[in-house]
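Enquirer: Work the whole structure out from these sequences, hints included.
First to last, the protein sequences are chains A and B. Quick note on numbering: the first sequence equals residues 1 to 460 in full-length UniProt numbering. Quick note on numbering: the second sequence equals residues 1 to 460 in full-length UniProt numbering.
Hints listed in this document are in silico derivations from the structure and should not be mistaken for laboratory results. We put the beta carbon where it would ideally sit given N, CA and C, even for glycine. Be aware that a few hints might be false.
What the hints assert, rightly or not - Only part of the chain A face toward chain B is listed, based on derived beta-carbon distances under 8 Å:
id: 1; residue: L89
id: 2; residue: V117
id: 3; residue: Y332
id: 4; residue: R348
id: 5; residue: F372
id: 6; residue: N424
id: 7; residue: D428
id: 8; residue: N436
Protein chains: 2
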Amino acid sequence: MDEFIIRGHVVNPVAIDRATMTDSVVHVGADGRIVARHDAGTPMAARVLDHAARHGMAVHALSPAQLLMPGFADLHVHAPQWPQMGRALDLPLREWLEQRTFPLEARFADPAFAAPVYDEMVRTLLANGTTTAVFFATIHEESSLLLARTCLRHGLRAHVGLVAMDDPALCPPAYRNASVEQALAATRRFIHAVRALPGNEGGLVRPMVTPRFIPACTDGLLQGLGTLAAEEDCLIQTHCSESDWEHDYVRQRTGVNDTVALDRFGLLRRGTVLAHSCFMTADDMALVHARGAAIAHCPISNAYFAGAVLPLRRAWQAGVHVGLGTDISGGYSPSVAVNAAMAVTAARMLDSGTDPDRPAATRGAPGSRLTFTNALWLATRGGTAALGIDAGQFAAGQAFDAILIDRAAPGSNILPPTHGEPDNVAEDVVQQILCNIGRPNIYTVWVTGRKVHGTDVTVA
Amino acid sequence: MDEFIIRGHVVNPVAIDRATMTDSVVHVGADGRIVARHDAGTPMAARVLDHAARHGMAVHALSPAQLLMPGFADLHVHAPQWPQMGRALDLPLREWLEQRTFPLEARFADPAFAAPVYDEMVRTLLANGTTTAVFFATIHEESSLLLARTCLRHGLRAHVGLVAMDDPALCPPAYRNASVEQALAATRRFIHAVRALPGNEGGLVRPMVTPRFIPACTDGLLQGLGTLAAEEDCLIQTHCSESDWEHDYVRQRTGVNDTVALDRFGLLRRGTVLAHSCFMTADDMALVHARGAAIAHCPISNAYFAGAVLPLRRAWQAGVHVGLGTDISGGYSPSVAVNAAMAVTAARMLDSGTDPDRPAATRGAPGSRLTFTNALWLATRGGTAALGIDAGQFAAGQAFDAILIDRAAPGSNILPPTHGEPDNVAEDVVQQILCNIGRPNIYTVWVTGRKVHGTDVTVA
Numbered sequence: 001m002d003e004f005i006i007r008g009h010v011v012n013p014v015a016i017d018r019a020t021m022t023d024s025v026v027h028v029g030a031d032g033r034i035v036a037r038h039d040a041g042t043p044m045a046a047r048v049l050d051h052a053a054r055h056g057m058a059v060h061a062l063s064p065a066q067l068l069m070p071g072f073a074d075l076h077v078h079a080p081q082w083p084q085m086g087r088a089l090d091l092p093l094r095e096w097l098e099q100r101t102f103p104l105e106a107r108f109a110d111p112a113f114a115a116p117v118y119d120e121m122v123r124t125l126l127a128n129g130t131t132t133a134v135f136f137a138t139i140h141e142e143s144s145l146l147l148a149r150t151c152l153r154h155g156l157r158a159h160v161g162l163v164a165m166d167d168p169a170l171c172p173p174a175y176r177n178a179s180v181e182q183a184l185a186a187t188r189r190f191i192h193a194v195r196a197l198p199g200n201e202g203g204l205v206r207p208m209v210t211p212r213f214i215p216a217c218t219d220g221l222l223q224g225l226g227t228l229a230a231e232e233d234c235l236i237q238t239h240c241s242e243s244d245w246e247h248d249y250v251r252q253r254t255g256v257n258d259t260v261a262l263d264r265f266g267l268l269r270r271g272t273v274l275a276h277s278c279f280m281t282a283d284d285m286a287l288v289h290a291r292g293a294a295i296a297h298c299p300i301s302n303a304y305f306a307g308a309v310l311p312l313r314r315a316w317q318a319g320v321h322v323g324l325g326t327d328i329s330g331g332y333s334p335s336v337a338v339n340a341a342m343a344v345t346a347a348r349m350l351d352s353g354t355d356p357d358r359p360a361a362t363r364g365a366p367g368s369r370l371t372f373t374n375a376l377w378l379a380t381r382g383g384t385a386a387l388g389i390d391a392g393q394f395a396a397g398q399a400f401d402a403i404l405i406d407r408a409a410p411g412s413n414i415l416p417p418t419h420g421e422p423d424n425v426a427e428d429v430v431q432q433i434l435c436n437i438g439r440p441n442i443y444t445v446w447v448t449g450r451k452v453h454g455t456d457v458t459v460a
Numbered sequence: 001m002d003e004f005i006i007r008g009h010v011v012n013p014v015a016i017d018r019a020t021m022t023d024s025v026v027h028v029g030a031d032g033r034i035v036a037r038h039d040a041g042t043p044m045a046a047r048v049l050d051h052a053a054r055h056g057m058a059v060h061a062l063s064p065a066q067l068l069m070p071g072f073a074d075l076h077v078h079a080p081q082w083p084q085m086g087r088a089l090d091l092p093l094r095e096w097l098e099q100r101t102f103p104l105e106a107r108f109a110d111p112a113f114a115a116p117v118y119d120e121m122v123r124t125l126l127a128n129g130t131t132t133a134v135f136f137a138t139i140h141e142e143s144s145l146l147l148a149r150t151c152l153r154h155g156l157r158a159h160v161g162l163v164a165m166d167d168p169a170l171c172p173p174a175y176r177n178a179s180v181e182q183a184l185a186a187t188r189r190f191i192h193a194v195r196a197l198p199g200n201e202g203g204l205v206r207p208m209v210t211p212r213f214i215p216a217c218t219d220g221l222l223q224g225l226g227t228l229a230a231e232e233d234c235l236i237q238t239h240c241s242e243s244d245w246e247h248d249y250v251r252q253r254t255g256v257n258d259t260v261a262l263d264r265f266g267l268l269r270r271g272t273v274l275a276h277s278c279f280m281t282a283d284d285m286a287l288v289h290a291r292g293a294a295i296a297h298c299p300i301s302n303a304y305f306a307g308a309v310l311p312l313r314r315a316w317q318a319g320v321h322v323g324l325g326t327d328i329s330g331g332y333s334p335s336v337a338v339n340a341a342m343a344v345t346a347a348r349m350l351d352s353g354t355d356p357d358r359p360a361a362t363r364g365a366p367g368s369r370l371t372f373t374n375a376l377w378l379a380t381r382g383g384t385a386a387l388g389i390d391a392g393q394f395a396a397g398q399a400f401d402a403i404l405i406d407r408a409a410p411g412s413n414i415l416p417p418t419h420g421e422p423d424n425v426a427e428d429v430v431q432q433i434l435c436n437i438g439r440p441n442i443y444t445v446w447v448t449g450r451k452v453h454g455t456d457v458t459v460a
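Expert: Structural data, given as structure tokens:
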């Protein structure tokens, strides 16, 4: 890969409560990592441009309506539910699982069914600006490995989990692991196979230990997976305290909350991704923080299946890693940006409450609001930091995982600042992007400096 | 205009709780109205196709991934807030009004500022599939009339209101009517001017009597506008019981709720559009029903500025006309479909409640859910029926206000049914469209048979 330079507006999530928008010069090295980002017009920026000119490097100047931002991180996607995205959300959870979701996932026993689904999904996620994704696949080794290969081929940074689920009380006969031993052996083989994939020497695609959730797994399986994750030094993902039903079920079976149960099984480790977590207590959050695990907040899905809004500010204030998940197909959108806007909206609805029959003073949970700047962090650096990935910000040494947004693209619902609005207020620009981004705005997408979607702007 | 025929999938909102998806033959007459819609393969459909062949009419066959649906009706748009769309939502209402919104609206005193804003807005709404819009303009006659002319030029069916606001207690000196008499005379001139616009003989663009909301208007102005609306037989729009603050303010000033106060002033009539209405009581709804007025539900905006969710099922069950509003820029999206999906999501969050610290049994307001089929109705026929317009369904005699959706368009986030999913379940297809529609999916838009956006598919 050749080094290149991009000059123009850069939106950078600096911290969970601070983003900047600065006219910048960004230097991307031959290894796909950011060599430097400097404010335009500074001596350092001039030196980079000089260096580029002397070495014949491609320099791309953005238009005033264009900007660079980090790629999105999607911490929770059920890959096999892709064909069901935006369908069946009117069903109750049990019916949704038994009549639609489990039968659909069971079809992935056939790699010929899986191949076009996974190909379409990976290409669509990239086209929506997702550069890092965390996938639940299915219990099927061959098609799950196919998913890993599909991510690698298209250049999507991904974590892929072979799902483990063995409890006959919840899992249908046609779609569950045959035994604890079978599930553990399959998971170990899958971890080795993903790590050994040709072209995966840089670790772009990583395996994940993936107990579906406590209600779907026997104690033996959960314990075995905890041990396996430690032995293989492998990240873990699962669902956690999602809904009243699930939270109560775990308490009845184990006597404790999900986090404590997971911790006893060795499943709460640095980098463990806990989807949903709506019903975590302060103690749960302290434990998650102590272990260095993360929450994948899935605000659209939670409106349909959780029955409550995750008090995300609490998790943030407890020091817990937090990112966003689309939770396809419990969530209907493949766009992390749409989920980011929904995170802000849902936080407002938690803050104010929703029922006009109650007096304002007792309607909501004041202090729960999020800003769009917070949501940008969740959608980008929050997610990559949770996974321990050096990406998600424009900072020296981080991978160049980025999106070129064109606010003046034909078909844009983001308004370029053509009516005299200020164009240097990061919060406003971030808000416009997260609220109204559409596929026409996503001009180019890079992962580790490799163009993975759109137009190659660095080729003259 | 020449008659034409379209053959293919048609999604039709039959009632608030019923939509159909049928392979159809739609015959559009020279007057832009639907002559007939027949199920494909029936003798009636064959007769229409025969007739078309004999008369050399254009016949367009949709692909299996394409479908026709009614255009969207947006019952509440603040046209001058267009440049602020997707900005400033983090501000409290008072700051938002005083520091951002009123100063922005005041700029429309200059028609040269208004012209490009209104042009961009009308084109963008059409591109998002909106075929009927109800606008608050500003207090300025010239630029408000310019808005009406802009709608007419681009073919958008519209209701345009010259805003009336005269109370110095709330309205800044630089942006309010000089007196009751001035406001009434301006409104009367505006009504006559819109009705007399060249090219508006068919009434595509209609004036509306538009008191901003009770807190911004003196009693004299409200009474005068009520009398004027009756004299001119002109529809009315205003805000109603939007937030705790507004609702309480009106109760303190008038001793009654908004609906009763509006009714006393003669402002609650057949076709009056009441934006928001979150805090309406059962008595309010009964009164609104008795008068034949309508509610414009604005679910995105309400999350930011109302502090509660309108219990829309209650309004529907009380027989009140209900439609959707984007409420730009209190709402951030120009898309009625995005608001329709949010209506379903918000209803779930009203139903379940949002605060996980409360027990499930007392968290929400059960019985509040909406389906996507309900939301389709709100987004289309609910809105046009509220306004007394014969459009919004594929039925003989209605205006052909329609969108051609292409689910296989490059850049689509709607998944065409390519993985074996059933494609005849209207609820699922409606859900996919409302959840994931983007501008790439909106191939052609018609108002009264006139192509107002996209590709002219009826020209060979």
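Enquirer: Now look at each hint and say whether the structure bears it out.
Expert: How the hints compare with the structure:
| no. | hint | verdict |
| --- | --- | --- |
| 1 | L89 | holds (6 Å) |
| 2 | V117 | holds (6 Å) |
| 3 | Y332 | holds (4 Å) |
| 4 | R348 | holds (5 Å) |
| 5 | F372 | holds (7 Å) |
| 6 | N424 | violated (13 Å) |
| 7 | D428 | holds (4 Å) |
| 8 | N436 | holds (5 Å) |
Checked against the numbered hints listed earlier, the structure breaks hint 6 alone; every other hint is satisfied.
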